[in-house]
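Protein chains: 8
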Amino acid sequence: MKKNSIFILILIMISGIAHADSDEQPMLITVKRISMETALSIAKVAIETCRKEAVQIAVTVVDRAGDPQVILRDVLTPAVALTISEQKARAALSFNSPTSNLQGRFKNHGSVAKVDGLIFSAGGVPIQAGGSILGGIGVSGAPSGELDEKCAKAGLDAVLDDLEMAD
Amino acid sequence: MKKNSIFILILIMISGIAHADSDEQPMLITVKRISMETALSIAKVAIETCRKEAVQIAVTVVDRAGDPQVILRDVLTPAVALTISEQKARAALSFNSPTSNLQGRFKNHGSVAKVDGLIFSAGGVPIQAGGSILGGIGVSGAPSGELDEKCAKAGLDAVLDDLEMAD
Amino acid sequence: MKKNSIFILILIMISGIAHADSDEQPMLITVKRISMETALSIAKVAIETCRKEAVQIAVTVVDRAGDPQVILRDVLTPAVALTISEQKARAALSFNSPTSNLQGRFKNHGSVAKVDGLIFSAGGVPIQAGGSILGGIGVSGAPSGELDEKCAKAGLDAVLDDLEMAD
Amino acid sequence: MKKNSIFILILIMISGIAHADSDEQPMLITVKRISMETALSIAKVAIETCRKEAVQIAVTVVDRAGDPQVILRDVLTPAVALTISEQKARAALSFNSPTSNLQGRFKNHGSVAKVDGLIFSAGGVPIQAGGSILGGIGVSGAPSGELDEKCAKAGLDAVLDDLEMAD
Amino acid sequence: MKKNSIFILILIMISGIAHADSDEQPMLITVKRISMETALSIAKVAIETCRKEAVQIAVTVVDRAGDPQVILRDVLTPAVALTISEQKARAALSFNSPTSNLQGRFKNHGSVAKVDGLIFSAGGVPIQAGGSILGGIGVSGAPSGELDEKCAKAGLDAVLDDLEMAD
Amino acid sequence: MKKNSIFILILIMISGIAHADSDEQPMLITVKRISMETALSIAKVAIETCRKEAVQIAVTVVDRAGDPQVILRDVLTPAVALTISEQKARAALSFNSPTSNLQGRFKNHGSVAKVDGLIFSAGGVPIQAGGSILGGIGVSGAPSGELDEKCAKAGLDAVLDDLEMAD
Amino acid sequence: MKKNSIFILILIMISGIAHADSDEQPMLITVKRISMETALSIAKVAIETCRKEAVQIAVTVVDRAGDPQVILRDVLTPAVALTISEQKARAALSFNSPTSNLQGRFKNHGSVAKVDGLIFSAGGVPIQAGGSILGGIGVSGAPSGELDEKCAKAGLDAVLDDLEMAD
Amino acid sequence: MKKNSIFILILIMISGIAHADSDEQPMLITVKRISMETALSIAKVAIETCRKEAVQIAVTVVDRAGDPQVILRDVLTPAVALTISEQKARAALSFNSPTSNLQGRFKNHGSVAKVDGLIFSAGGVPIQAGGSILGGIGVSGAPSGELDEKCAKAGLDAVLDDLEMAD
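From first to last, the protein sequence lines are chains E, C, A, X, S, H, Y and L.
So in this note's numbering the end of the first sequence lands on 201, straight run, no missing numbers.
So in this note's numbering the end of the second sequence lands on 201, straight run, no missing numbers.
So in this note's numbering the end of the third sequence lands on 201, straight run, no missing numbers.
So in this note's numbering the end of the fourth sequence lands on 201, straight run, no missing numbers.
So in this note's numbering the end of the fifth sequence lands on 201, straight run, no missing numbers.
So in this note's numbering the end of the sixth sequence lands on 201, straight run, no missing numbers.
So in this note's numbering the end of the seventh sequence lands on 201, straight run, no missing numbers.
So in this note's numbering the end of the eighth sequence lands on 201, straight run, no missing numbers.
Taking lysine-lysine pairs in the BS3-like style, the calculated list, with each CA pair at most 30 Å apart, reads:
1. Lys86/X to Lys66/H
2. Lys184/C to Lys78/C
3. Lys78/X to Lys66/H
Keep in mind that the hints were calculated from the coordinates and are not lab data.
This is chain E alone, in the form it adopts within the complex (with noise of 0.2 Å):
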């Protein structure tokens, strides 16, 4: 169920803007994407529910593309924790779905799990609004990986209604 929403909303984007035809795609797409400040808004927010939890973190928005858009670090944070932050948050874009839902999917040694770049605990969200895929943020450092989620989910309820109406 979950697992389909991604190619559903894509279908609809598509739809939006194809031709009737579907040898006749149009050469241009529009797609949108999130300016700097959003991504530092929902940064900060992060950090500082973490804070309050009296916790850490490191965490990385990353745009459409799965690309770091920014990354804070909290002071005492070790560096492993931004690579572990962005790689949640390009698997949550990638995978249109919180790492936490994807957790258990993947059963085999060798599979998809292993890919380069991608880290499927807890602790990524991906960033909707309007029916568009605009990005994924990724929190790493908390004592658990429900912690991590709680915060980076803190920061992007700071800037979803705004991100909705400005669509």
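Position chains C, A, X, S, H, Y and L against the provided structure of chain E, taking the given hints into account.
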């Protein structure tokens, strides 16, 4: 059973060109490769098959050496699908088996499943015709590996009869 | 002169959608991308142009984020041309300039020229239309960078008028 | 329980230097590091402890940032033990826990366990004194992780009292 | 002249805390780091300074160990600027010099200039205050290294007086 | 039992050359290595043994340091078998055990099993003679790890008597 | 002159099997490869030729796809010669030229010369016979590239007549 | 002159143990390695020598195979000096020459100078005694390569007489 097929095939090919004495292998060995146009035909049918399911994918066709001949990525498919499709194609070629048959093969941590450049999730199929191994096809981006494989096989089916006759 | 053009373009694009106050960037920014079919048309014309010169090449078309959209490699082109064509395409996109103009730019050991993923030899051209940067094309495999670039430009020319009108 | 200890420690450290208002973090934060001589003392005792068990090992002591300060490899220890000891040391530092306590933590394919540079097998121990995290020790080469850990802990024990007093 | 400054600084720092006998280094050494908020202030001013020049950049602030503390990438800046800005920042920190002063330093193929993770083009500046090395700033994306450096320095200038006083 | 054998061997070797006082290790230690010709003899017999089973393989013989001395790849064996055979050979050498005995050793995600350069599937055997560890053999390409190991052992058996006498 | 030879050769090969209409490439293309035994003969003669000069080397013979077929390293040759010999062999194959002819080709920082997997120093020679490109040979370890090349060519000369006749 | 010395040495070593007929190499070859204690003595003197110049460095001693035996990094030396010192040590070992003599050797882009794992800047010296190559020393962190080399040589000088006698 299925795991042995690659070596039986190889034996036939070599015996066709080898001398009677196994110590006297021929200096030159003739191998067949598919043209770029054939690889592109396979890739396009894979893309179109998945679009009919409202899914956008990336598809890679690798040559006999495991190097990409053609890569197509539908416009909204995330970039990680490039890597995944290539590694499924290479796994299918190298083990001469659909990757769906290889999913349960590796049971241990640290086994062959960890080697770089191979992914053993469904979505990869080998290209064979006339008793020769010719390449591999890998698809990534669909909500399930089964659908990835369906699109990869559709690409293969579109050229298989002609490949058998061309041989 | 040429080196500045990317930023002037960017300024125009942003000013077209930005608010008067630079502290109030819009939350969402709209960008354009070319379709997979357009990328494939570019790549096929590049291949065919070089074949007419009795040369086999690899060609990569990258999207606005620098990720491959289409890769074609002619059947006898060595595999390293895959990497080279992709990195020329990304360099042309990232610096918004034909790579032939960038060849003498970096004078020192250890400069930006060493960064992974970019090659500054002739054969890469950016894709622009309607004042937008849309992607990059890279070609490798011809006996000279000039011929690589000729084939890349032929690919671009084949779609440029339609891209301008599509905008 | 143990998993939370790092954050409690961090909280204490920050509260000791932070202002009352969480919006007004100090610009400069003071951290402590062990000297190279201390790191070397730790490493030598680890080597000697394992030699007494007729075992040759490699030992890495990393600083607070996870970068090696001292590495010793006994003469017949294989080179891969260099990498393993460093990654155990970094894991112990980053998670502020003996790696033996982290061995069962990651249950899924594709989880945080796959991130580069960290190994979660027994043989890594964090260096803490006076409420501060100061580094990590990793040992590899013994026939069991338990013995690796014993040698790492022996190295730490040899300096711990002095570290507590130095604080 | 300038190249020696890092070691003179270091000497001062150590002599301030070392015992008379060089064989008796203290076990613990105190170092200073800037807060995440300070790093973010630096990065934001760098972005804004370049925007006033109609240029979009990426900026990385690394801590004393060379690991990123804050990364901001303006919305249309290509992803490779992330890597370049980080490596300029690390080079400025590691050599304790603006990278513009390091551009002509390495004359030979295969020299230190090739080491991974460092770029010696203009746009990197070290962060020092009160006789301590505190981190590095790197900027990439402007049409010239000089403008990259101008924006990096503007970021530093915005906090330098406060850093000196905080010491 | 088997896991400890490497260290017992090492102890014997060292005690043979070490001084009575463990604080006074000799400055120079003598180690033995096999010649290139011996490594080639091993590799050729491994290839021939597998050919008799109608199987084409790749075989790597590594020296005492884990670096390849000889690599042979039969003409239709896929290139990934090069990597796999080398990593099995290095694993057998480093753990001084056939890799078939190591297959079940690592139970956890993120354990030593993930370290780069080692594969713990059947097909690797150590080379020992006269109480010395001399290298490792790895085979890949057969339809089962058992057959890979059979060919590797056949290669070893072909030279073992002579190695024992040469010692 | 020399640089064009690869493409003229390729044209001949294709025209021999292609249809009159360039839009109708054949689906299957036949290529030739040398046997493992031939590759081994080349490598052994290269080793022996250098030994007669009192030099120990590493030699790699790559197949048509650039993947190693045979690697021999004399017993005291350092491990880096493995990498260098392989990358010279691949460069000679990919550019269809002795690498000694390619040494001055790349004039700029950031050019094709930086691509991974290719080294353009003397010591690599392509394997051609009967108008076909069949592989490459690379040698490293001699005190000069000229001697490396001499040994590589001796290896080729030892089989060239037979290769021409086998065609 | 100097460049040939490694091969003359090697010849002597082999002729000392080889049979009269060059086709009958011995199966086992005896090589010497320095103990870990000797490597540590070298490294400590290098550190101390540089400290007397008010400079903090990193020093790596590699064994005959180029793998680190001992690494020491003074407490304020940046982490990149770890990599640089190791790669200077390996270059000095592999080319059997101080790296200061190798600085002008590679004149072209894409030459051997680009191979991973070797740095050809001053600061690396080989360890030889009794006609045997035994390892390499690399130093990084001083304001000039000359000072790096001075500290490396001081380390070597401290043990050289004993090494010659131990032989």
